[in-house]
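Protein sequence lines, in the order shown, are assigned to chains A and B.
In the numbering used here, each number is its position in the first sequence, counted from 1, plus 22.
In the numbering used here, each number is its position in the second sequence, counted from 1, plus 4.
Errors might be hidden in some of the hints.
Just a sample of chain B residues kept apart from chain A, beta carbon distances all over 12 Å, derived [what the hints assert, rightly or not]: (1) Ile67; (2) Gly105; (3) Leu147; (4) Phe157; (5) His167; (6) Gly254; (7) Leu260.
Per label pair, the in silico range of CB-to-CB distance [said to hold, decoys possible]: (8) B:Gly118 with A:Leu62: 31 to 39 Å; (9) A:Gly207 with B:His9: 34 to 42 Å; (10) A:Leu247 with B:Phe265: 31 to 39 Å; (11) B:Ser307 with A:Leu62: 24 to 32 Å; (12) B:Thr62 with A:Glu227: 33 to 41 Å; (13) B:Pro217 with A:Pro311: 23 to 31 Å; (14) B:Thr166 with A:Arg40: 31 to 39 Å; (15) B:Leu127 with A:Arg383: 57 to 65 Å; (16) B:Tyr150 with A:Val350: 28 to 36 Å; (17) A:Leu152 with B:Phe273: 35 to 43 Å; (18) B:Thr166 with A:Ile384: 32 to 40 Å; (19) A:Pro311 with B:Ile288: 30 to 38 Å.
Please keep in mind that the hints were generated in silico from the structure rather than gathered at the bench.
Model, not experiment: these values are computed from the prediction.
Heads up, the beta-carbon is just placed ideally off N, CA and C, and yes, glycines get one too.
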Amino acid sequence: MSQPDSLLQRLWPFRLERRATPSAAMRLASPLIAGVAMALTGLIVFLILGQDPLVAFRVFFVAPFGGSYEIGELLLKATPLMLCALGLAIGFKANVWNIGAEGQLIVGAIAGSAVALFGSESLGALTVPLMMLAGAIGGMAWAAIPAFLRTRFHTNEILVSLMLVYIAQQLLGYLVHGPWKDPAGYNFPQSRAFAEAAILPALVEGTRVTGALIMALVLAVLAWLFTAKTHAGYRMQVAGLAPAAARYAGFSDTRNIWLALLVGGGMAGLAGISEVAGPIGLLQAVISPGYGFAAIIVAFVGRLHPFGIVLASLLMSLLYLGGEAAQVELQLPSSITGLFQGSLLFYLLAADLFIGFRLRRIVRAVAP
Amino acid sequence: MNLDHLIPILVSTVIAATPLIYAALGELITERAGVLNLGVEGMMLVGAVAAFAAGITTGSLTIAFVAGMLAATALSLLFAFLTLSLQTNQVATGLALTLFGVGLSAFVGRAYAGMPIERVPKLDIAGLSDLPVLGPLLLNYDLPVYLSIALYFAVQHFLTRTHAGLRLRACGESPTVAHAIGAPVIAIRYRAVMFGGALAGIAGAYLSTALTPMWVEGLSAGRGWIALALVVFATWKPLRVLLGAYLFGGVTVMQLYAQGFGVEVPSEFLSMLPYAATIIVLVIICRDPKTILLNQPASLGKSFHPDA
Numbered sequence: 023m024s025q026p027d028s029l030l031q032r033l034w035p036f037r038l039e040r041r042a043t044p045s046a047a048m049r050l051a052s053p054l055i056a057g058v059a060m061a062l063t064g065l066i067v068f069l070i071l072g073q074d075p076l077v078a079f080r081v082f083f084v085a086p087f088g089g090s091y092e093i094g095e096l097l098l099k100a101t102p103l104m105l106c107a108l109g110l111a112i113g114f115k116a117n118v119w120n121i122g123a124e125g126q127l128i129v130g131a132i133a134g135s136a137v138a139l140f141g142s143e144s145l146g147a148l149t150v151p152l153m154m155l156a157g158a159i160g161g162m163a164w165a166a167i168p169a170f171l172r173t174r175f176h177t178n179e180i181l182v183s184l185m186l187v188y189i190a191q192q193l194l195g196y197l198v199h200g201p202w203k204d205p206a207g208y209n210f211p212q213s214r215a216f217a218e219a220a221i222l223p224a225l226v227e228g229t230r231v232t233g234a235l236i237m238a239l240v241l242a243v244l245a246w247l248f249t250a251k252t253h254a255g256y257r258m259q260v261a262g263l264a265p266a267a268a269r270y271a272g273f274s275d276t277r278n279i280w281l282a283l284l285v286g287g288g289m290a291g292l293a294g295i296s297e298v299a300g301p302i303g304l305l306q307a308v309i310s311p312g313y314g315f316a317a318i319i320v321a322f323v324g325r326l327h328p329f330g331i332v333l334a335s336l337l338m339s340l341l342y343l344g345g346e347a348a349q350v351e352l353q354l355p356s357s358i359t360g361l362f363q364g365s366l367l368f369y370l371l372a373a374d375l376f377i378g379f380r381l382r383r384i385v386r387a388v389a390p
Numbered sequence: 005m006n007l008d009h010l011i012p013i014l015v016s017t018v019i020a021a022t023p024l025i026y027a028a029l030g031e032l033i034t035e036r037a038g039v040l041n042l043g044v045e046g047m048m049l050v051g052a053v054a055a056f057a058a059g060i061t062t063g064s065l066t067i068a069f070v071a072g073m074l075a076a077t078a079l080s081l082l083f084a085f086l087t088l089s090l091q092t093n094q095v096a097t098g099l100a101l102t103l104f105g106v107g108l109s110a111f112v113g114r115a116y117a118g119m120p121i122e123r124v125p126k127l128d129i130a131g132l133s134d135l136p137v138l139g140p141l142l143l144n145y146d147l148p149v150y151l152s153i154a155l156y157f158a159v160q161h162f163l164t165r166t167h168a169g170l171r172l173r174a175c176g177e178s179p180t181v182a183h184a185i186g187a188p189v190i191a192i193r194y195r196a197v198m199f200g201g202a203l204a205g206i207a208g209a210y211l212s213t214a215l216t217p218m219w220v221e222g223l224s225a226g227r228g229w230i231a232l233a234l235v236v237f238a239t240w241k242p243l244r245v246l247l248g249a250y251l252f253g254g255v256t257v258m259q260l261y262a263q264g265f266g267v268e269v270p271s272e273f274l275s276m277l278p279y280a281a282t283i284i285v286l287v288i289i290c291r292d293p294k295t296i297l298l299n300q301p302a303s304l305g306k307s308f309h310p311d312a
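Okay, chain B solo, but in the shape it has when bound (with noise of 0.2 Å):
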């Protein structure tokens, strides 16, 4: 294999481990904030409509990323009144979350299926995505590609060097402890599943409007679940979560470019790769019950009342 089949793979790994950022680093906030929700999957495939029925009508991408990063928001903030206000079972509401996601997008969606789009288009970083090499693999990109490494700086600098950082995870650890220094619980956690939603939103557009430019039902096929595997493959760190996803921007592009190789697989099994390798990587991390014990956020999934 020379470097002319690398590129193109490298680039096509990029570009599907995008999504993944978003929504894995939105759970990540989530979590560290104590709060599971299981409703990514939901909440990505009603940001996808939604973003491409904005892109359709308005014509402009710019209002179909708001339009998609909206409509999950308001469903995490539906997330968030009823596990958060009203206390429910946060495995539960997260799974009625994507399935009410799952029912709404195919409602709304079936008006635009087969529509064509225009796709998010590629950046030329200088004028250099010519360069040989360097220009495709670095300088090519669409904005959401950059923006998505930038995302993880920030959110990297806010857990760990910002003192809101700080009480957002105290929050996700002991939320009495949190509670106790004089840390807004409640509100805090909102906020972190809200920001979930609008970057499972932003995951959603992406998938309607670059990586697959077009509506059918169904369209993020698992990804919402595979982030939130990501967040448990990356012991609940970000650098770890852009690292995985690149891993698993990887597999599911070399289902797309082994038969172009001669592997003699039929399609479906190459198609089972992402969600087997998710199960695989799942193994390695939890195989020592100490790696999660020792990272996952001590109140992950429990309610907390500051009145109880």
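In isolation and in its complexed conformation, chain A is listed as follows (with noise of 0.2 Å):
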């Protein structure tokens, strides 16, 4: 029986097909997909926008490039972003949604404050590592809520973490509106200034940098060798994988939470305090523009993989410092940035396609 090809068919004629092996270089090469498909979707947008679209692209993907200071900026602004991303990672191998890394950040950005601001005199060199301890402590309690409802009331982690950030942000607007406002403050919602103690130093002479990156890059080491060595990784990537394969394995689901999530929210809390004792140096109303969030998207554009996400963070620090330098050149509103990263991750779930599938002309045998 022949029947007369589509319309669509003579536009189109492939049709997807299933490969025999997931293609691991489509893997590598779909992150990349979707950062030239995002350039050009940047350009459309610029070019809706009135811009002159090569202006704006180098503006916003080339400038930041432009010295010493500017790559300080793009390092320091990667470095929440990885250590948010090293973490939720972790988890979403093993099927654990945890999206509430930005209150965990908040929570661990209070918690390291406390030491910055009620015992940085006594505390003297300790200040610093304490402060960085607490911030973790305080990630991973906030994130501990979650791993406790989940394990104990089968409460959905995705709604409740993410529940979490907006009471993490009214806690904080408390504090800095409340108990702990400077009283020399001029009424701004914000705290004193850490003293020079509880501050962490600048790495490298006129850059911003600070030792929290080194910090980052060592935990994307160690975050590799937990889930590439241990038995512990091993355990929660095959729960991720074959669920069913892990029960029966008696592989404990409580165990994997309570670690993904503490792992999660111990990094999301790091990343929060190296902020307000870095670049911001004391506690305010507002001290991430969405860090939680975006690494999200930074830890699928890295393949989940510590690696993977150490470049994907450099990608999103750019996306952020582009928006700022968008908004100063070309008035354009900041928000952009947003704009880009819903859009990456887009693209890259549609580019994932091909690692599973690929296109095959469709060949019509003709009739003898």
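Assemble the dimeric complex from its two separately framed chains, guided by the hints.
This is the structure:
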């Protein structure tokens, strides 16, 4: 039985065919394809907005590499993204969807700031390490809530961790408007500036990069060792890839959930305290332009692999800097960054289709 | 507390619940078809900004609501294409939709921030809104409030009393079986996702033209996520969505009135209430795993492809 080709088939004579094995090359190429597609979308958006696309492109994607200060800013903004995404990726691999890194980041910042504000005079050289510790514990404590509710009451961690973001934001607002407000701060909603001993020093003269970057890179290596070389990391991967197999093998779901959320929360907490003890230098009502949410995209673009995440966090940091530059130089709203971030993830998810499938040209058999 | 105090509280409760009813009933249909769309918050925001922009530009609230609905439907179509045609992970794609919607609405809305818009007018049904008690309590809302209740009846009827509703539920329980008996699973799911998008758009439009007639970044403040939680709370049943929405409306309103009654709590803690209530309610419902197991559409969140 021969049917005439439909118009669609003539215009698009391809069909999707499942690959025998997922393509490793596509897994790596997909983020690049997504990045290019996002940049092209950006060009179109700039055109629609009446900007010279080449000028806009230079401001957005090239200028952030201009000099040592600019590169420092790139690394500075990449740090919290890297920290949050490394932790989230460990959870995502095990199908634990912690999307509340933003809240864990905030509570980490609050806990670390408590050390800075109330202990820096007596603690001396121990101040910064204790702040970091407090930050990590703060983030872990906040992430422990969805972990406890999920393991004890089967409550969905996506919704709980997300709700806790709003609660953390209100808590921060309460502290900087209320008890922690700087009495000499002209009523601004912010704390006292941290003492010298509670500030992370710049790594390189003339930049704002701090030791938090080194910490993040070390943690990236540790995260890689954890997933690739430890049994706990293996158990979590199995739980993510084949939940039934994990159950048969007797791997504890509860342990995976706790581990994923505590690691994710702790890393996000470190990101939070590194921000307030680094570039910000005090606690204020808003301490993150959505790093915790952008980190979700970073984790996916980085293929949930620690080293991929390091690269992806640089790309995401570029988008933040590009958005700021576009606001200053082109008078575009900096929220254009969010537009780019969202479309990047869309393109990535679509391009990922070709990891498992490929396009095949439809060849019609000619009747003899 | 006398009646004069109680009536405005109840009235505000109904108004605060209305966007939740729209968004949650939309997501309920989407989920009953087996698709988990975590992008409600993003669709709501885009609907809110589109409605606001259209309302400011044309001066017509009808066009505003249509614009909000269309914008959010377009986003949901993108989600449907990715998850249903390209088989992407529904959780990740839904998160992407929310992140994209937050960014897009902030970007588009920048030009409209701080502008005033005329609020959706309240009706005066049968000229009786001056009637004591019943007048303000029942007969003096804006049109979308009444339509939200009509929508509940429509959704309830569709799901339980129509053939199309049965097929939609089959897609959510077992797409393989639905496919085998000849239901176009993918097409049904497309329609369910777009229905959810349209209603999230209406919810957004209601936010920016009625509940708080203005635009600010992140206007929805997590209401899209609360709507998602409501569907779980309602164990995927329309009537419980309606009741849950009024419960949450009440919690939201409580934070506004508590200080008026001399409750000495910092405003930030009162603002936490709806989010804390969401968590508590989820815990209560999910405590017994059987509740979810028995009520959740069995194939919720799982990809389906007729060729596979």
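Tell me, which hint numbers fail for this structure? As far as the earlier hints go, 2, 10, 12, 16 and 17 are violated by this structure, in ascending order.
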